[in-house]
Amino acid sequence: MSSLQPVRGTHDLLPDDSRRHRWVEEVAFAAAKRYGFGEIVTPIFEFTEVFSRTLGETSDVVTKEMYTFADRSGDSLTLRPEGTAGVARAFISNGLAQSLPLKLFYRGPMFRHERPQKGRLRQFHQVGVELLGVESPLADVEVIALAWRVLSELGLAGKVRLELNTLGDADSRAAYRDTLTAYLSDFRASLSEDSRNRLDRNPLRVLDSKDEGDRKIVEGAPLMSDSLTPSAREFFATVTDGLTQLGIPFVVNPKLVRGLDYYCHTAFEFTTTALGAQGTVLAGGRYDELIAQMGGVRTPGIGWAAGIERLSMLVDQVPAGVRPITVIPMGDALRAMAVAERLRRAGMTVDLGYSGNMKKRMARADKVNARFAVIMGEDEASRGAVTIRDLDGGTQDEVPLASLEEHLGRLL
RNA sequence: GCGGGUGUAGCUCAGUUGGUUAGAGCGCCAGUUUGUGGUACUGGAUGUCGGCGGUUCGAUUCCGCUCACUCGCCCCA
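If you read the first sequence in the working numbering, its first letter stands for residue 51, the second for the next number, and so on.
FYI, nobody ran anything at the bench for these hints, they're computed from the structure.
Treat each hint with caution, since some may be false.
What the hints assert, rightly or not - Derived Cβ-Cβ restraints for the label pairs, each shown as a range:
(1) D236 - S68: 27 to 35 Å
(2) V372 - D276: 55 to 63 Å
(3) D66 - G86: 28 to 36 Å
(4) M363 - S143: 48 to 56 Å
(5) G381 - G459: 21 to 29 Å
(6) G208 - R238: 41 to 49 Å
(7) E164 - G381: 56 to 64 Å
(8) M380 - V57: 42 to 50 Å
Claimed, not checked - Straight-line Cα separation of at most 27 Å, DSS-like style, residue types lysine-lysine; simulated pairs:
(9) K260 - K83
(10) K260 - K305
(11) K305 - K209
(12) K114 - K168
(13) K83 - K168
(14) K260 - K209
(15) K305 - K114
(16) K209 - K168
(17) K168 - K305
(18) K114 - K260
(19) K266 - K305
All figures in this text were calculated on a predicted structure; none of them were measured in a lab.
Glycine included, C-beta positions come from ideal geometry on N, C-alpha and C.
Construct all of the structure, not just a fragment, from the sequences and the given hints.
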C-alpha cells in the first residue's frame with residue numbers, strides 16, 4: 051500500500067470536479083431555502099450510540115460499516131454514516147422542540163466502510179432535508195415536492211423515477227410483519243441463504259431480494275397494503291393524492307422497503323438505471339418515533355438524503371463560471387498587479403500571470419478562457435493609457451487608465 | 001464481506017509469443033514570431049510498465065501474494 055495513494059474509497063475533488071459538486075449542492079440548498087428550510091451544520095462525528103441506537107442494532111450500516119474509534123479519553127466515537135441521526139440528536143440537545151415545525155437542510159461528508167464501486171465511496175457526500183414536528187401527510191407531500199424540484203433543476207427529471215410505498219404505522223407494521231413472516235416461513239427451505247437471514251432479522255427486506263427464486267416466492271406474498279390500519283391507509287392516500295395534484299409522477303412499489311429501522315409510513319426513492327447497481331439517487335421517508343427512541347419528546351419527522359457524487363454523475367453540464375479579465379504587463383509587473391487590484395475591488399474577476407513574455411501571457415489568457423485582456427504596454431503608459439483587447443472578437447482599443455473600470459464595466 | 005475483470009507517461013491507450021536505449025495521440029515545455037492568444041509547423045521533457053516476492057542467464061511480459069480501480073452480489077445516497 052502506497053501512502054501516497056488516497057485512502058481506499060476516498061477521492062480528491064480537483065477544481066473542475068469541485069465546481070460540479072458545489073453546483074449540485076447549491077442547487078439543492080437554493081431550492082430548500084425557497085421551501086423555507088434553513089441550514090443546520092452538525093459535527094461529522096458523534097458518540098457511537100447516536101447511530102447504533104437509532105439506525106437499528108441489526109442494520110448493516112451499524113453492524114459492519116461504521117468508522118468507529120475510541121478517542122483519547124476513551125469515548126467511543128463514530129464518523130457519521132448518514133445525516134438524520136445527528137440532526138435528531140441536535141434537535142434534542144438544543145431543545146428545538148420549542149420551535150416546531152422545523153425545516154432543516156444539511157450537506158457534507160458521510161462515512162461508510164463498504165466495498166467501493168462506481169457511485170459508492172467510503173467518504174461520500176450528501177445533501178438532505180428534515181422536516182420535524184408535522185404529523186400531517188402534507189409534510190410528506192411538500193418534502194417530496196422539494197426533492198422533485200431539486201432533481202428537476204439539476205436537469206434530471208427525465209432520468210429518474212419516483213417509487214413510493216407506505217410502511218404503515220406501528221400497528222400496521224407489526225401486523226404485516228407477522229403475516230409476512232408466516233407466509234415466508236412456509237418457503238424457508240427454498241429461500242436463498244441471504245433471505246433466510248433476512249427472514250430472521252428484518253423480514254421486510256426479503257421483499258426486495260434480487261434472487262430469482264426469492265422473487266417467485268415474493269410474488270405470492272401478502273402485501274403491506276392489506277395489513278394497513280384504516281388511518282395508515284388514509285394517510286398514504288393523502289400523500290398519493292397530493293403528489294398527483296402537484297403533478298409529480300410516481301409509481302407505487304409495494305415491495306419498496308427501507309434499510310434503516312426508524313422509518314414508518316411514507317418511504318420513497320428516486321432511482322435511475324444509469325448508474326448500474328447504485329440506482330438510488332435520493333431516498334427518504336417518515337420517522338415519527340425516532341426522536342422519542344433517542345430520548346426526546348416524541349416528535350414526528352420526515353426527510354430525505356441524496357448522494358452528491360451520484361447526482362453529479364448524472365448531471366450533463368454545469369453552468370460555466372465567470373470569465374476573467376487578464377492583465378498583461380509589458381514591463382512593470384507590480385504596476386499591473388496594482389491595476390488588477392483596482393479591478394477586483396470593482397468586483398471583477400482578474401487573472402494575472404506571474405511570468406512570461408506577451409505571447410505566453412496571451413496563451414494563458416486563452417487557457418483560462420478570459421473575456422478581455424488589459425495590455426499595459428510602454429507606449430500606452432507614456433500616454434496614461436492601456437489597451438483593452440476583446441479576446442472573442444480579436445479587436446482592441448486604447449482607453450485612459452484612469453477610467454479603465456468604467457470601460458470594462460460597459461463591455462462586460 | 002463474497003465472486004469476476006483491469007492496472008504501461010499528467011490523460012486515453014498501443015506494445016513486448018521473456019532478451020540490450022518501452023511507444024502513439026492529447027496535454028506540457030521551448031522555438032518559428034525580442035508588443036498579441038485560440039490555427040499550423042519544428043524540437044524537447046516525462047515512466048520505479050501498480051507494489052512485493054518467486055521461476056529464469058534475463059521478467060514490464062510467466063506464477064503467487066498484495067494494493068487500487070471496476071462489474072455483479074450484499075447494502076445503500
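Now the hints, each set against the structure:
1. D236 - S68: 27 to 35 Å: violated, 54 Å
2. V372 - D276: 55 to 63 Å: For V372 and D276 the Cβ distance comes to about 58 Å; the hint holds.
3. D66 - G86: 28 to 36 Å: At 33 Å between Cβs, range holds.
4. M363 - S143: 48 to 56 Å: violated, 35 Å
5. G381 - G459: 21 to 29 Å: Taking Cβ atoms as reference, G381 and G459 lie about 26 Å apart, which means the hint holds.
6. G208 - R238: 41 to 49 Å: holds, 42 Å
7. E164 - G381: 56 to 64 Å: Holds, since E164 and G381 (Cβ atoms, about 58 Å apart) stay within the stated range.
8. M380 - V57: 42 to 50 Å: holds, 48 Å
9. K260 - K83: violated, 38 Å
10. K260 - K305: holds, 12 Å
11. K305 - K209: OK: K305 and K209 at ~22 Å, within 27 Å.
12. K114 - K168: holds, 20 Å
13. K83 - K168: Roughly 31 Å between the alpha carbons, so the hint for K83 and K168 is violated.
14. K260 - K209: holds, 22 Å
15. K305 - K114: holds, 25 Å
16. K209 - K168: Distance ~18 Å between K209 and K168 Cα, so the pair holds.
17. K168 - K305: Roughly 25 Å separates the two Cα atoms, so the pair holds.
18. K114 - K260: Holds: K114 and K260 sit about 21 Å apart, inside 27 Å.
19. K266 - K305: Given pair K266, K305 holds - Cα atoms ~13 Å apart, limit 27 Å.
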